[in-house]
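For chain A, the structure is supplied; the task is to place chain B on it using the hints.
Order-wise, the sequence lines are chains A and B. Mapping to the numbering used here: the first sequence position 54 is 54, numbers consecutive. Mapping to the numbering used here: the second sequence position 145 is 145, numbers consecutive.
It is worth saying that the hints were derived from the structure and are not from the lab. The C-beta atom is built at its ideal place from N, Cα and C for all residues, glycine as well. Keep in mind that a hint or two might mislead.
Unchecked claim - Partial chain A-side listing against chain B, Cβ under 10 Å, derived:
1. V47
2. V49
3. R112
4. T113
5. A141
6. S143
7. P178
8. P214
9. S225
10. F241
There are 2 protein chains.
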Amino acid sequence: MYLYGKNALTELLKSQQNAILKKVYLSPSASLSEREESLLKGLNVSVTVMPLKTIEQLVGKGAAHQGVVLETKDFQYLEYEELLEQLEPAPVASLVFLDQVQDPHNLGAIIRTAYSAGVDGVVTCQDNSASVTPAVVKVSAGSAFLLPICIVNNLRRALERAKEKGFWIYGTEKDGHPYPLVAFPPKIGLVFGNESSGMRRLVKESCDETVSIPMANPFDSLNVSVSAGILCFEILRRRLFPETREPQVLKEGEP
Amino acid sequence: MYLYGKNALTELLKSQQNAILKKVYLSPSASLSEREESLLKGLNVSVTVMPLKTIEQLVGKGAAHQGVVLETKDFQYLEYEELLEQLEPAPVASLVFLDQVQDPHNLGAIIRTAYSAGVDGVVTCQDNSASVTPAVVKVSAGSAFLLPICIVNNLRRALERAKEKGFWIYGTEKDGHPYPLVAFPPKIGLVFGNESSGMRRLVKESCDETVSIPMANPFDSLNVSVSAGILCFEILRRRLFPETREPQVLKEGEP
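So here's chain A without its partners, still in its complex pose (with noise of 0.2 Å):
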């Protein structure tokens, strides 16, 4: 796979996946810092220079390349019952189910947030849906390759396998249950439909509930990827700060 970018070249080298370079190449006209060319000769990897016409022919002619292409590890989605078997023996896990994200700005940012908040694992549908791209890399900064990701060819199948391995399948949309009042248990999947059209009822079927994200002025919808910050890590305080864990039980009539 290849970044490109002097800032991606910065991010990666100071990130804790700089093991994921191969190599560098430059432009003639390009130049490295001297820090930035000791921490690649520490990570032994190779600096070649290339002449511009070859840099385009890696990156594309209308990439931002600033005469800086990364080499790097290709990317490794992970098998869904392999993570699934990964989190058997753990108490507190969670995964973040996506139904149909198309847009990879929105894929790369929840995969970073998801990264951030602790979440174990992302799956994603083979149909309709953005995959992890050299784009999408660069918005998730490079936590893709920190993080397990999977695709799936039936999102159904995979939520009923999650359930039987002792996950609480959460959806999200307009209707569900407001999350504050929720109670959530150790394991659970979240999952956030597609941008326009939401969950497919399918999906939606097969989720144990629906939860949604109370708003001051009712308005359109989040954006998915704000929608999974604010969930994410909603589980993520009560994790940590367990003294405010438990909401109030939701009441038969209460909003």
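Relative to the frame of chain A, chain B by itself:
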């Protein structure tokens, strides 16, 4: 201001802010649904067919206009002092201050989130900052027209003025108090810094206190629009669900 694209029209028509629409221009090959035509008639908005060339002159050649251009009212910033005055009698209020947030996508996403979370206004800087362009309005899903937005020359001075008016100002940074342990008062301002460099030193010094978003994995940092989403909705959560509002008081020596 000119917005464009079929989707922009569809969303604007179903939204509360459809009154900003002044005129619709179509290319000869574009068409509207019957429902759209009747809605436009109801709003007293004229529809004019124009040569493709003229359409392109309005919105630029590269724009994905799909033959649909919307002429809207001009975007109007609110005077900052006027905003403060409006909020003076309110017992509860919140403001978002942006210290040189530069990415139009982030600005649009923050406006959308702030509006949904019931924030009373967004204040941004004159220099080195994204301003409200058609692209920002698009990402904000039109909410830029629903929420007071101010531009100030001197953010530090603006923070001082807000403090004089009874707002408690929280800067956001890695080393701040974990937000779940902060007891937010009724009138608050949240300050978010630039995407790469965070808040400027003098701006930070003008804050009453700083807060952080604790993460599960020691990583880079969150995208600024995700951070804004988490904090704005945490504040809304405490207002809407006061039974979970008061966090434990932070004891000395505790993290």
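Against the structure, test the hints numbered earlier, and report the numbers of the ones violated in rising order. Violated hints: 1, 2; rest satisfied.
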